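From first to last, the protein sequence lines are chains A, B, C and D.
Residues in the first sequence are numbered consecutively from 62, following my numbering.
Residues in the second sequence are numbered consecutively from 62, following my numbering.
Residues in the third sequence are numbered consecutively from 62, following my numbering.
Residues in the fourth sequence are numbered consecutively from 62, following my numbering.
If you are wondering where the hints come from, they were derived from the structure by calculation, not from laboratory data.
Please note that a few of the clues may not be correct.
In this list, chains with the same sequence are indistinguishable; a pair is considered to hold if it fits within one copy or across any two.
To be verified - Straight-line distance between alpha carbons at most 20 angstroms, and here's what the computed SDA-like set of lysine to any residue pairs gives:
(1) Lys-262 <-> Asp-192
(2) Lys-364 <-> Ala-113
(3) Lys-262 <-> Arg-135
(4) Lys-262 <-> Gln-278
(5) Lys-364 <-> Trp-239
(6) Lys-364 <-> Ala-189
(7) Lys-357 <-> Val-301
(8) Lys-364 <-> Asn-416
(9) Lys-262 <-> Arg-137
(10) Lys-357 <-> Ala-334
(11) Lys-364 <-> Leu-161
(12) Lys-364 <-> Ala-102
(13) Lys-262 <-> Arg-109
(14) Lys-364 <-> Asn-353
(15) Lys-364 <-> Thr-263
(16) Lys-364 <-> Arg-283
(17) Lys-364 <-> Phe-128
(18) Lys-357 <-> Pro-389
(19) Lys-262 <-> Ala-180
(20) Lys-262 <-> Arg-112
(21) Lys-357 <-> Arg-158
(22) Lys-262 <-> Val-117
(23) Lys-357 <-> Pro-179
(24) Lys-357 <-> Ser-328
(25) Lys-364 <-> Gly-238
Since this is a predicted model, take the numbers as computed values, not measurements.
4 protein chains.
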Amino acid sequence: MRTATSAGRRPVGGLTAGVVGASGHAGGELCRLLLGHPEVATILPTSRGDRAFDAVHPNLLGAGLAFLDEGGLRDRAESLDVVFFCTPTGEAMRQARHYLERDVLVVDLSADFRFRDPAAFQQAHGRAHTDPELLSEAVYGLTELRREEIANARLIANPGCYAITAVLALTPLLRTGWWRRDAPVSVHAVNGSTGAGSEPKTAVMHAEMTASMLSYQLSGHRHAPELEEFFAAETGEPVVVDLNTAHGDFARGIHLQANVHLAEGVSREDLLARYVDAYGAGHDGEHFVLVNTRPKVGARDEKQYDLYPRLGSVVGSNFCHLGVDVDPERRIAKVVAVTDNLVKGAAGSAVQNMNAALGLPETTGLRAYAL
Amino acid sequence: MRTATSAGRRPVGGLTAGVVGASGHAGGELCRLLLGHPEVATILPTSRGDRAFDAVHPNLLGAGLAFLDEGGLRDRAESLDVVFFCTPTGEAMRQARHYLERDVLVVDLSADFRFRDPAAFQQAHGRAHTDPELLSEAVYGLTELRREEIANARLIANPGCYAITAVLALTPLLRTGWWRRDAPVSVHAVNGSTGAGSEPKTAVMHAEMTASMLSYQLSGHRHAPELEEFFAAETGEPVVVDLNTAHGDFARGIHLQANVHLAEGVSREDLLARYVDAYGAGHDGEHFVLVNTRPKVGARDEKQYDLYPRLGSVVGSNFCHLGVDVDPERRIAKVVAVTDNLVKGAAGSAVQNMNAALGLPETTGLRAYAL
Amino acid sequence: MRTATSAGRRPVGGLTAGVVGASGHAGGELCRLLLGHPEVATILPTSRGDRAFDAVHPNLLGAGLAFLDEGGLRDRAESLDVVFFCTPTGEAMRQARHYLERDVLVVDLSADFRFRDPAAFQQAHGRAHTDPELLSEAVYGLTELRREEIANARLIANPGCYAITAVLALTPLLRTGWWRRDAPVSVHAVNGSTGAGSEPKTAVMHAEMTASMLSYQLSGHRHAPELEEFFAAETGEPVVVDLNTAHGDFARGIHLQANVHLAEGVSREDLLARYVDAYGAGHDGEHFVLVNTRPKVGARDEKQYDLYPRLGSVVGSNFCHLGVDVDPERRIAKVVAVTDNLVKGAAGSAVQNMNAALGLPETTGLRAYAL
Amino acid sequence: MRTATSAGRRPVGGLTAGVVGASGHAGGELCRLLLGHPEVATILPTSRGDRAFDAVHPNLLGAGLAFLDEGGLRDRAESLDVVFFCTPTGEAMRQARHYLERDVLVVDLSADFRFRDPAAFQQAHGRAHTDPELLSEAVYGLTELRREEIANARLIANPGCYAITAVLALTPLLRTGWWRRDAPVSVHAVNGSTGAGSEPKTAVMHAEMTASMLSYQLSGHRHAPELEEFFAAETGEPVVVDLNTAHGDFARGIHLQANVHLAEGVSREDLLARYVDAYGAGHDGEHFVLVNTRPKVGARDEKQYDLYPRLGSVVGSNFCHLGVDVDPERRIAKVVAVTDNLVKGAAGSAVQNMNAALGLPETTGLRAYAL
């Protein structure tokens, strides 16, 4: 049962949060963030495995958390304010109703509730949705762009890490209308090895991945339709998204570059102005979305390396850093966006959504800067 | 001027902190931690270079900090509660008195005030100390072991990253008296590349360091005498410390292994008990020093990898994780300690010391777990 | 003077090779390869610095090489069979004529001779060419595609690492004519940190680059015109190339993905067939260009990771591995190409060109597989 | 059947080599080296898995190798000159006799034949040896120190990677007699992730290992007895070896530091002289064991980083680089040794042993320098 709150929902006492599927990377990260959240008093993580919590997540040694089984959590649903699903596809849609009926806010980090249309879900995931009624109720948890709906939601579908990063990178540009309709928008994203899940498999062994890089799913990434649906809704026009993905030699983070063909002459300054408009600057702007506005320098100036965000600048934080440029000769706009795939790309956005839905300041528990 | 505080010093309003030499790794990390510190309202970083603050520390984009020059900070000394020195050897001893005279707490992260004896300083650093009077007043900022003195200090000498990690690793064992007096205590520490400073040099270029490892200063590390002085004071006996150091392929963190020859038969359980006694367990223990007490497993059991702390478990946090073992056949005790060289090894300890000296709870602003 | 050879040029005795600018990454790699070349008896490297050869290149300890100064090498030009330039832009065009006049084969790894047209050089490099006559004589050293000309060349312009990889990736596809003329060909390449040169600079320090990724020169990469010129010559049509580059967390290697919009429906099998035609398979094919022909598997099959080449599979070798795929819904062909930027992308191609020009089997000294 | 050779054994035609257990890291590396060996005509690798050879070893794409099953290889034993075992403990002792009876040289890379005494084997490995007669015949394959025996061997026990590196590091020093008998020799070795085997397991997933470091088996490493036996034989005295091991964030290589307490005053120059005596310098010395003899510099001189070998300088090669130093105050000699754990530590030594046993020059097929 969600705690009664002053401003509609704002919790008076400490919150109790369940985390279903907390033995994976996103679940562990969620526990880490909730441990630092000043309004969360109790965290109840579940796991189907048999390793102890602090053996699975040795970074949380001393935090005093222990795994429950899923049945144990379900039995305590009445005492929860919020439950997060960090489960493989199929689990959240099977279990969400149980918690919703007990007035628990549900934030699903899996792909179960990301489409409005059951047919779109079926096409992307190759199986039927088992609770299509909830599907239509779920709110797409892209906080910066769906803030109003999230504030009133009881079921939030957290977008995937590629989708969050690509949406933040592309939305201001697509809203300008400056783009060529006859050419796909291309997205090239390099993700850390945590993005490949926590199950041991040969392709993501250290000996295979270190000092290497590996593309995957180039014939049509299964998260592209999610992006196409979002941008169509946002612009009122069909948008074709060519999503290209790879794993790089780092544990965390997404380095994403989006290229958009321009229908007219646009300068870097024009483009920057639109991004600053969209996300603001300084205290009036979005706290978590920051645009690098440094002026252009020559190719021999070492400061050229300061023009675009570097991945390392956001790892461990809920920030998305953006940089933009234009190739004037070839008329292509370029946007570089970096996020931590486990924070802004998953657990951080989930907490941000929880905050928004419970009437807390969005940045609560999420103020840490990257290392 | 230090703000008046309730329990002698506890600040009523927000604190103002100066950071001298904030363009390096430790200075940037200190700014990061102070930005998340709930009692710090104003941060004044200085730099002698000409790059903008968020070009030097792109992870702090959006935080609104800008560099002053050192003179500018000195002129504002009256308004400061605390000043941190993240400067090369020689600067803090030249400038500390200016701030102390204006009742500003001084926390020095450089090596200037780590020895009591000016002669020892001179021997270790090859130059005379320019303010030996202050040297005798400075308190050695190993928080867990010098808590009382730090609470009353106005000048705190933050130990180096190797020293902090080695002291936490070895003190409980040396206190037992179980060790052979005729053999040196050996310490093997592998540090991240941030430990080599932020000046560009060939040896720590990415192309040189990645997938590699490099020993240095094996003929007698200049931090060994600092450890020998500390352990002599702690045990009342001479202790010879053989400190061996290398750089590994990671940006942050110290992985340290200390080996101590035993004078008598001691089991892993005996040793573990002493560490748990020293640092406590759960809520009664030291918050930042955690001992891994998992039981021994066979060499073919995959859980053998859970016995000793892994470096990654502390990076980004103020924690020190400890694991112990004994080679019964060769009578050698082994202690593995991991810390983040920039947090517990530098900026985190500095903030912990500031908290202790200002009467704040020690964990204020330092509760983040590692990624 | 080039040694007399049986089949026109084949050397009877051992070859003598000069390497101008051997203190950088490409120069060191060239020395490494020449040391393993069975027909090379003497290697004469030059450097302007004062560090010893095996301090600069500690991997070549024991090889017995020492630096000369450039004047010393020039004085010995008569005794050389081949000279390689691994120098910054401007040096090779100043010095080449001296060696050519003494009948020394010149292989230039810098950008000095890559354009036919002095104006194109001036536009790309912002300075006038100082020996335009030689420019028109130079042969573009893309061995697999310019074999005949190279066999008869006395001045070879080795292409840059991005160009070599992109040309091998795209040529078979562009030759099909299946591509849309109204959309640029896009190339996204991630290069190792050796690609940023050997001068210490902050942006490529280990602490900055590790676990990170950084884009650069997105407003129009200065190697794009070189590619556009090549493809125009190859296809007889204008080709617009959108070249996007970044540095990744590895010392060596280029992971390149090229996307081409298709004018018609083409299957992965169609495309694979053209690549196999172009480069051959097994003993009849190109030795150094290998196409991955494994059949498609489902997205949940772990073997999906075997479909595209991984960067690690070529590092240290002269191979280029290729993989292709098609997004049928969005009609985009995708080609993944991986090379070692210092071998196939620089020193290996230079040796391959030397072999071709001297009448040696192309694979001489280049047979090593990647680690 | 081993091919008839001129000097007793020198093969007239091409050699045929079997590799049992070629799907792991050492087996793959052995295939890579044999492919570059000018006297090896045919390579027959076996695997129990079902993945294709070039999916398991994508770096060997194009080499034309395919897996046999073990039975298939046994049936062809008559045609083999040499067989290598890269198998888990227990396999080589079960199969070796079959090949020996057919006059095939057996080189075992597993631990099966490393002890002379079946009891020592049983104690170290917890199981009885199944062919103790062969055990007494096997020659310990530390090429540089057992050259004569290896030349006449038909069964060679390749030492483990830690043992090879530690023996090369310590033997010249232990031979001096300068060491204290009352203190163990300590060895601290950091190994790459390939040293943890090729089976997927959580502890060596990329996301766990990258930017981290992890100690293991500190209570007595199972390779320490092998070293103690060797050094006892070498010096005629008992030697206690304290072997400490960890995994670092690199795929390949061992960075080993050995510390030895000195009974008398010894300078770095004294020690260096003994190492140069032992391994020689230049053309008269050991080809694969190189001692860094650069003179000492001050701690502020950047050249201090050139004093000890860096791991990266040997990766991919059969070299062992050595550096030595002395802490004069604490009377401790220090030796740093670096090797590639899969080359000099495994497959390279195996080929070197094969060369020695077949009467070939030892460096045949092993001349590559590190990248």
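Right, here's what the structure says about each hint:
no.	hint	verdict
1	Lys-262 <-> Asp-192	neither (32 angstroms within a copy, 36 angstroms between copies)
2	Lys-364 <-> Ala-113	between (47 angstroms within a copy, 11 angstroms between copies)
3	Lys-262 <-> Arg-135	neither (31 angstroms within a copy, 31 angstroms between copies)
4	Lys-262 <-> Gln-278	within (17 angstroms within a copy, 24 angstroms between copies)
5	Lys-364 <-> Trp-239	neither (29 angstroms within a copy, 41 angstroms between copies)
6	Lys-364 <-> Ala-189	neither (52 angstroms within a copy, 26 angstroms between copies)
7	Lys-357 <-> Val-301	neither (30 angstroms within a copy, 24 angstroms between copies)
8	Lys-364 <-> Asn-416	neither (38 angstroms within a copy, 38 angstroms between copies)
9	Lys-262 <-> Arg-137	neither (35 angstroms within a copy, 34 angstroms between copies)
10	Lys-357 <-> Ala-334	within (14 angstroms within a copy, 44 angstroms between copies)
11	Lys-364 <-> Leu-161	neither (52 angstroms within a copy, 38 angstroms between copies)
12	Lys-364 <-> Ala-102	neither (46 angstroms within a copy, 31 angstroms between copies)
13	Lys-262 <-> Arg-109	both (19 angstroms within a copy, 18 angstroms between copies)
14	Lys-364 <-> Asn-353	within (13 angstroms within a copy, 38 angstroms between copies)
15	Lys-364 <-> Thr-263	between (40 angstroms within a copy, 10 angstroms between copies)
16	Lys-364 <-> Arg-283	between (37 angstroms within a copy, 17 angstroms between copies)
17	Lys-364 <-> Phe-128	between (48 angstroms within a copy, 18 angstroms between copies)
18	Lys-357 <-> Pro-389	within (13 angstroms within a copy, 38 angstroms between copies)
19	Lys-262 <-> Ala-180	neither (32 angstroms within a copy, 38 angstroms between copies)
20	Lys-262 <-> Arg-112	both (18 angstroms within a copy, 14 angstroms between copies)
21	Lys-357 <-> Arg-158	neither (52 angstroms within a copy, 38 angstroms between copies)
22	Lys-262 <-> Val-117	both (17 angstroms within a copy, 13 angstroms between copies)
23	Lys-357 <-> Pro-179	neither (47 angstroms within a copy, 28 angstroms between copies)
24	Lys-357 <-> Ser-328	within (11 angstroms within a copy, 42 angstroms between copies)
25	Lys-364 <-> Gly-238	neither (31 angstroms within a copy, 41 angstroms between copies)
Hint violations for this structure: numbers 1, 3, 5, 6, 7, 8, 9, 11, 12, 19, 21, 23, 25, all remaining hints satisfied.
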